[in-house]
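J.: One-letter residues, chain by chain:
Protein chains: 2
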Amino acid sequence: MTDTSLIPFFSPKGVAIIGASLDPTKLGFGLSRNLVQSNYRGAIHFVNIKGGNLLGHPVHTSIMEVPEPVDLAVLLIPAEAIPQALQDCGRRGINAAIIASGGFRETGSEGAALESKCLEIAQKYRIRLLGPNCIGLIDTHLPLDTTFLSPPGPTPGDVAFISHSGAICAAVIDWARGQGFGLSRLVSLGNQVDINETDMLAQVAADPYTKVLTLYMEGVSNGRRFVEKAQEVTRSKPVIALKVGRFEGGKRAAASHTGALAGEESAYNAAFRRAGVIRAETSEELFEWARALAWCPLPKGRNVAVLTNSGGPGVTAADALESLGLRMASFQPSTQTALRALLPPAASADNPVDMLAAATPQQYANCLRILLADPGVDSVMVILPPPPMSTAGGTAKTMIPVIYTADKPVVVALMGERLIQEAVEHFRAARVPEYRFPEQAAAALAILTQRAEMLASGEKADESTKVQISQSQIDKVSSILDSITTVRKNNFLPTETVQALLDTYGIPTLPLALGKSPTEAADLAHQMGFPVALKLASNDITHKSDIGGVILHLQTPEEVQNGYNRIMRNAREAHPGAESNGVYIQHMLPEGQEVIIGTVQDSQFGSLLMFGSGGIEVEGLKDIAFSLAPLPKDEAEWMLNNTWAGKKLAGYRNIPPGDREAVVDVILRLAHLAADFPQLAEIEINPLLVFPIGQGVCALDVRAKLSNG
Amino acid sequence: MTDTSLIPFFSPKGVAIIGASLDPTKLGFGLSRNLVQSNYRGAIHFVNIKGGNLLGHPVHTSIMEVPEPVDLAVLLIPAEAIPQALQDCGRRGINAAIIASGGFRETGSEGAALESKCLEIAQKYRIRLLGPNCIGLIDTHLPLDTTFLSPPGPTPGDVAFISHSGAICAAVIDWARGQGFGLSRLVSLGNQVDINETDMLAQVAADPYTKVLTLYMEGVSNGRRFVEKAQEVTRSKPVIALKVGRFEGGKRAAASHTGALAGEESAYNAAFRRAGVIRAETSEELFEWARALAWCPLPKGRNVAVLTNSGGPGVTAADALESLGLRMASFQPSTQTALRALLPPAASADNPVDMLAAATPQQYANCLRILLADPGVDSVMVILPPPPMSTAGGTAKTMIPVIYTADKPVVVALMGERLIQEAVEHFRAARVPEYRFPEQAAAALAILTQRAEMLASGEKADESTKVQISQSQIDKVSSILDSITTVRKNNFLPTETVQALLDTYGIPTLPLALGKSPTEAADLAHQMGFPVALKLASNDITHKSDIGGVILHLQTPEEVQNGYNRIMRNAREAHPGAESNGVYIQHMLPEGQEVIIGTVQDSQFGSLLMFGSGGIEVEGLKDIAFSLAPLPKDEAEWMLNNTWAGKKLAGYRNIPPGDREAVVDVILRLAHLAADFPQLAEIEINPLLVFPIGQGVCALDVRAKLSNG
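These protein sequences, in sequence, are chains L and W.
The numbering of the first sequence is the numbering used here, which starts it at 152 and goes up by one.
The numbering of the second sequence is the numbering used here, which starts it at 152 and goes up by one.
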């Protein structure tokens, strides 16, 4: 699972610092100092053309003079000198290098050229590169510190941090220290000329000391590879990502509703969901959640008990828990009896359990033990404002043994600041997640539950949930696409072609006849059977209903002839130069629910499938969900469960239940088609008409667009 | 504006503590100690039946013995003894009392009876009561501390806190001290037997030291009075409320879509919006926002400049700002030139301004000065991770004079923990809001902008924006309602009556004829002109389209006769016992957009008006907004601007623009009707058909329900 070429980064036998400096004001000194002070146990070598002696080690004037063992080089010399130094490393047999220096791609085209040259040399000598323009990496357990940051570095811990930003690394180390949690590994990726976030993921996850991985991401290098690797990692260890830059994502040219709605954020959300990566919205959440995941057992369900010594914070906690989809646990009668025996009569033995302001440390501990023993309780939030009659520190100390021995998660809302400092320190030392407010504690429990449910759904997803598409179906679509000779200026395929593609993949469409004159249209309608619908046949005009290009419910040949003329007139008025081939005639179908199913090709993550409320108001109602395509059945179910269009398929008021299974089937098939043929830049069925249960669906209006070139 | 009877609470000439204790382990000692240590400058009197001497003051054995001046009593004796003590206070001429003791309503019915007795005595002697079961109050500037909380109390500051929870008060005092901001006044309301949150609002706002009011609310005593008083206060000082207990709100019986959707939270949101109260979602936001509002000038617009020394946090900041509706400012060319002259070539002089990691304190200060001078910049966020080459403290000190002299708000994202402590202290001392993460700093700027925009909209709302309803219209509705003699079991009014009510208030409805047999229906349809719609006339069956009680587009007398029979059969099958009076016949209208407008009577806030996407999927789409009724025109505009139904009135794709003005008019009129006649428990127009601009609207389907009793 891990890439062996990356091993020297995390267990080097010897490290050489090229650019070590005797001047304490230089970064090259800081780097040398950190390596020595980190207590790294391998060989330490300093290289500087000036020579000398530094921190008890000789300074070699060239990497070529450095004695064995040395398998990792850290370069902190001017950018122009890096290619030569890399070449020396290669000749010296070093296969791993960290380029800490800046002055590369981030400075413009000259720097970019220099960066490419470095990569070329590295590839020639099979050197893996971290950076350039990065802070380096830290492993607190090995230990190893190849950064030049001011001490103190992070304390050893169980949260790993991988970052696209070096500045964030410095802030995180300092912040983690203040927040009382340690780091296991920290990797600053810099310009990623070689090693990127995906490469590091499995490598860092392989560390036995790392219990949770956190990512600060500004993008991905290869979307699908990231999803694949992250999926492997999240099966064993939780990954939380803060993805920034969401408002910078370029807008797509909107050829379809799906295309207009598929922003970069939809793609990232779909990718994180598929990969099992938890997405944090703020920097604070990233680490608040990481602490809970690193330190707590996972809950078996959503039922939370709240233990408090005052009413107000208990209500706040209940609000926060329920808004996050958790439930206030109902207690067994024996639990209530046991609580009442311990508490004064005015206390509440219901959830939230309010022990009243005079609650003693012993009451906190005993009530907590009782709550943890209730089989209807999956997790507990303890709320501890500065107690008026005792100390928060004493209360913490008394509760900690109970929390230690529990197999259910306990988080603490430790409210206040100065009066709770001793309690803060006790809880942190005992690895009990504590937060200043009930809302944060509730969010931590919600994340633990999300992780537990993700692992559970992964276990049962083994059954085959994929739609079967045969080779002959694939071949047929290939030949249809190959036979397209004339590519229109807007790349849209003729409706008949789109219908043929969908038919081939088992998606029901409505037979369609092309009438090239009023009388031909009327004849075709007569053969088809009334009532019929007419639609303009034009490859130049996309949103046909917008210009009066669609007429429904025509009952007679005369109405069809008049309708034909009206559509042609509307088209000419709206788009004088546009080509019109006549009108399509379709039999009018019975009523059904209308949904939209569409696909786009995302530049980062490949095929995406969208499902939601169909019709023309798609972009206004925004009742939609996205998944990566192809997708397993449970993701199709997720999309249905998370949109009103999907929920409504169960029936609502006088809308009869729709054929939900048939909708899921179309989702899976269309996703397959988009994934099999990425040259189909966009495909959209809007609406897909959904008939009552057992009566199937019909793709009423379809469109598809080829990618450019 | 303020209630003179509350003056003794905040400027007493003399305070008597009834229940002062010589025993340092008792709350009665803590209370005495706090009063003395608070440096309260008026007369201090201690009362305890045992007498003695306490903290240099004699202890009187009865309140009757206490010498003048004394105008505020704080009672901390057993609950049973309170009525007698209150009576003594009354006889002594004391008109203000704080009952700190518990043992009242919160303990059950006996306690509630005791509480009522206290109120009775207080009313007899004209004593205003704070509590019982409260922590008391603090004024840090007078100064005065009537709480028994462990020292230290809050430092003097400019944020007031009014709370329904005593425990939260203790936590807030401690937390504020740790977060480095002071409090002006703190009021714990307890059981609110007399004085409630609304009473205290104006009283606390009148304090010249208070710049922002924060509220921890578990409910309101009188919704409309709260809105009215809060509206007065927010004109001069910002009010931020944390309202908890949102998931406890009882569900209404859902007689209409509006009733089903109007939860307690919709009412609170509408009330806060009307009152200009900013609603915080978490305890943390409450005080993070309060600091910004207390310490910063308000921005003139939404354009924010971000100043940073690293890319990552700058991107995070831009994300957060844009997601909150703020804009990244575009700089004038002269600003960019000035920045470039100060910064290295690789730095970014665009927004976010990235000075690179080596940025010096002087560069921070100078760039900040340049940004503040740009007329296109309304506010600035400075991002300061621990700088590698200088100290955060030094940078803070250099920037503070620039921030001081600016008339634009500057907030700081001071990232890290231990390395930034000195900077934290500098900023706090200078009253510059600092946060650990860019997201929180962005939220603070958004709140400042919201406050500025609220004040600006208040200024221009002077023009008359109310709909005119004459006395004769009101009288006519009164007489219609008075003439209703038979109240049906479900309290629904006959459709003709509802139409008459709406017509009277100037809301267009569709003429409706009642046919009691198939032939009568056909005749009426013929007179009205085809096509027509039929609808079941029944007071027992509410959702008529659900049971096949509505048929549209009937073209001939025969179709009407068949339709009549079909509706009757459907009604009999669905509700065998239900009464049916025949069918209503309406002329079919041209197509239009469909919206819903409804009202309900909220038990806390009175009449509420709902606007949104109409049809039968109202509850599924939840595209709705609520306002208090009656409402000014700008609130109607707000509802339209914040729903898809409202936005769509401007036209969308092939949906032509609708008559927006006519919709606003109906909103104002229906709100007026609901407010004028609160006995109309629910009124609903669904759909209101909206024709193209200038062609008006028509209330197609209407219902109204009387309140019980």
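No lab work stands behind these hints, which were simulated from the structure alone.
Hints are not guaranteed to be accurate.
Heads up, the list lumps identical chains together, so a pair's fine if it works in one copy or across two of them.
Claimed, not checked - Below, in silico cross-link-like pairs of lysine-lysine (DSS-like), each with a Cα-Cα straight-line distance of 30 Å or less:
#1 Lys784 / Lys773
#2 Lys548 / Lys177
#3 Lys773 / Lys798
#4 Lys164 / Lys559
#5 Lys275 / Lys617
#6 Lys773 / Lys177
#7 Lys201 / Lys380
#8 Lys773 / Lys559
#9 Lys667 / Lys164
#10 Lys798 / Lys201
#11 Lys451 / Lys773
#12 Lys686 / Lys784
J.: Does each hint fit the structure? Answer for all of them.
T.: Here's how the hints hold up against the structure:
{"no.": "1", "hint": "Lys784 / Lys773", "in the structure": "both (23 Å within a copy, 28 Å between copies)"}
{"no.": "2", "hint": "Lys548 / Lys177", "in the structure": "between (45 Å within a copy, 25 Å between copies)"}
{"no.": "3", "hint": "Lys773 / Lys798", "in the structure": "both (15 Å within a copy, 13 Å between copies)"}
{"no.": "4", "hint": "Lys164 / Lys559", "in the structure": "neither (41 Å within a copy, 56 Å between copies)"}
{"no.": "5", "hint": "Lys275 / Lys617", "in the structure": "neither (43 Å within a copy, 79 Å between copies)"}
{"no.": "6", "hint": "Lys773 / Lys177", "in the structure": "neither (54 Å within a copy, 61 Å between copies)"}
{"no.": "7", "hint": "Lys201 / Lys380", "in the structure": "neither (44 Å within a copy, 77 Å between copies)"}
{"no.": "8", "hint": "Lys773 / Lys559", "in the structure": "neither (39 Å within a copy, 37 Å between copies)"}
{"no.": "9", "hint": "Lys667 / Lys164", "in the structure": "neither (79 Å within a copy, 98 Å between copies)"}
{"no.": "10", "hint": "Lys798 / Lys201", "in the structure": "neither (72 Å within a copy, 71 Å between copies)"}
{"no.": "11", "hint": "Lys451 / Lys773", "in the structure": "neither (34 Å within a copy, 32 Å between copies)"}
{"no.": "12", "hint": "Lys686 / Lys784", "in the structure": "neither (34 Å within a copy, 43 Å between copies)"}
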